[in-house]
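Undergrad: Keeping the supplied structure of chain H fixed, place chain C upon it in accordance with the hints.
Residues per chain are reported as follows:
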Amino acid sequence: MTTKTKQRINRILLWVLIVLMAVWMLFPFYWAINSSFKSEGMLAMTPTTFIPRDPVTREVSFFTRNYEAVFTNQAFLRGIVNSVIVATSVTLLSLAIGSFAGFALGKLRYRGKTATLYIILAMTMFPAIAVLTGLYAMINNLGIPPIPSMIITYMLFTLPFTAWVLTAFFRELPTEIFQSAQVDGASPFQTFYLIMLPLTAPALVTTGLLAFIGAWNEYLFALTFTSIAPDARTLPVIIANFPSQFSRQIPFGEIMAGGIISSVPLIVLVFIFQRRIVAGLTAGAVKG
Amino acid sequence: MAREGSSDLAKREQRLAYWLLAPTFIILLVIAIYPLFSVFYNSFTNNVFASAAPGEFVGFQNYQRLLSITVRQLPPRLDEAGQPIVDPTTGAVQYESAVTVLPREPIRFRPVTQFDLFGSRFVLGATDPSFIRAVWDTIVFAVVTVFLELMLGMIVALIVNANFKGRSLMRAIILIPWAIPTAVSSQMWAYMLQPNRTGFFNTVFWYLGLGNGEIPFLSDPAWQLPSMIMIDVWKTTPFMALLLLAGLQLIPGDIYEAADVDGAGPVRQFFQLTLPLLKGTIAVALVFRTLDALRVFDLFQIVLGQARYSMASFTYYELIQNRQMGYSSASSVVIFLVLSVFAVIYMRSLGVKSDDH
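If you read the protein sequences in the order shown, they are chains H and C.
With my numbering, letter number 113 in the first sequence gets 113, and the count goes up by one each step, no holes.
With my numbering, letter number 172 in the second sequence gets 1172, and the count goes up by one each step, no holes.
Chain H on its own, in the form it takes in the complex:
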């Protein structure tokens, strides 16, 4: 076999793998879109169809009432608002507080630094389920409403992660900038927010995105803290326990439509910020 044919075979093999991989990754999402355009009758067809078809005429037909139903569903609309409030607040708070910590951990000299680094790293792995009981009891005793509860408790996973990733970014900034600013008479805090913070803007975008996605998708705390407060439910809780208003069975068409609507913002973010997200994800887990 010549090298050329060998190369061509390799190329074909690579593309076969690429296509297989893309189908595997995207098919469940395609299936959800497909199902979201089916009426109850179309969903009940056996065997099921790969594109929405009319049960009688077998012709391709798209049923859009699921989306109408979802967008007129008060619980779902409130869920969108709740999710936006919670995820945005968590992101902003984590960035503000986490960048303080990240700057101290990455650039300042102080006693006990190794210990604090270890604590932050350990906290990035803290299992939420281990403190669920204690947190819920605390929230209950203090009478904190569910939405502020979620905003505060989500920092359990967003804050250590944000601080940890930002630490790595701050550390990579040249120390000379920091020192020369100090020589020029800037206080360390001025150096932080006038000089260092603008330089880490890309890192803030990255960690902010990851915090937002994490908060948007969080389920355990949201489910627990809103168990007696349906009005405060975020999208994941609503999708997982979809309130069936009209249909007798589980309203899969509406669930799929709602699921797609709540995934779209994330997919948009992924396509715009692919590079940053990848960098942030791996910085949090691999680089020390």
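FYI, nobody ran anything at the bench for these hints, they're computed from the structure.
Any given hint could be a false lead.
Claimed, not checked - With a Cα cut of at most 25 Å, we get these calculated PhoX-like pairs of lysine-lysine:
#1 LYS113(H) x LYS1011(C)
#2 LYS4(H) x LYS1165(C)
#3 LYS1165(C) x LYS6(H)
#4 LYS1165(C) x LYS107(H)
TA: For chain C alone, coordinates are given in the frame of chain H:
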């Protein structure tokens, strides 16, 4: 610069560091450390959630009920002549009922599973079979998913590390399963796994002549774990792939050029160059993913509910459904301890740069 001045500066710097770290540590103290201690404390009581009546201190009783297991040999059922009864059609020996050999005092043991060893039948009994089953299922789930994710994640990482048109599009595509909320993807897969031909999998299996088109993927215990594993592998392989990709990108390209010159084929290059150089990344990724898989909650709670538990969903239902705060705290502590072991291994393998200049 004068000595005094620089030490003054150092002092100021140190004070600033403490001020900057304070908010983070105060928040973590309130939402992590304090609740953790209260969970530890509660795990020794029989407190009921949101109840005005105070519970009592019960010592290790919750742990005893959670974790007690025993293995007993199961005697064969004997006929009047003292011979074991054998099923005439299958030829299988019939055994006594498991409850007859399991202890009833001080807490009643119930059977979890039976197994054959050295020609005898044994029964595994536990005081809380649901929890023991949840622990076992979670461990099996974690080991199998992490293994499959490593294999598939490696393939995915090698592909998106290769040079081809549309590579960055492909990298965005593999982020989609990761980015979609687990609540959504769990519902998507639950619908694909419907127990009749309205579901994708039953339809495809039926077209292929496998099964009768009515495989109960989510209600048949034999299919439940494989289904969960399949969903989780789809969802988290991308993350594994990204971790491995980050490792791959750190390997300098000229090593491969040298190998090419030496005439080593791609397979040999992978096993003799890539894999050894990636060992550190793989170790970190494995521990990280194991930690994640052991605390799986969303998927189990949404798809299986109370039909089958993971350790986390067991804890959740004990708290929310049964309001057993003491008992669910004890299972939280067990999860915490198990995960801590992995977390320590993870931190060891990662190594913290403390870089004091």
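Undergrad: If a hint holds in the structure, say so; if it does not, say that too.
TA: Hint-by-hint comparison with the structure:
1. LYS113(H) x LYS1011(C): Within the cut-off at roughly 14 Å; holds.
2. LYS4(H) x LYS1165(C): Distance of about 19 Å is within 25 Å: holds.
3. LYS1165(C) x LYS6(H): holds (20 Å)
4. LYS1165(C) x LYS107(H): violated (40 Å)
Checked against the numbered hints above, the structure violates only hint 4.
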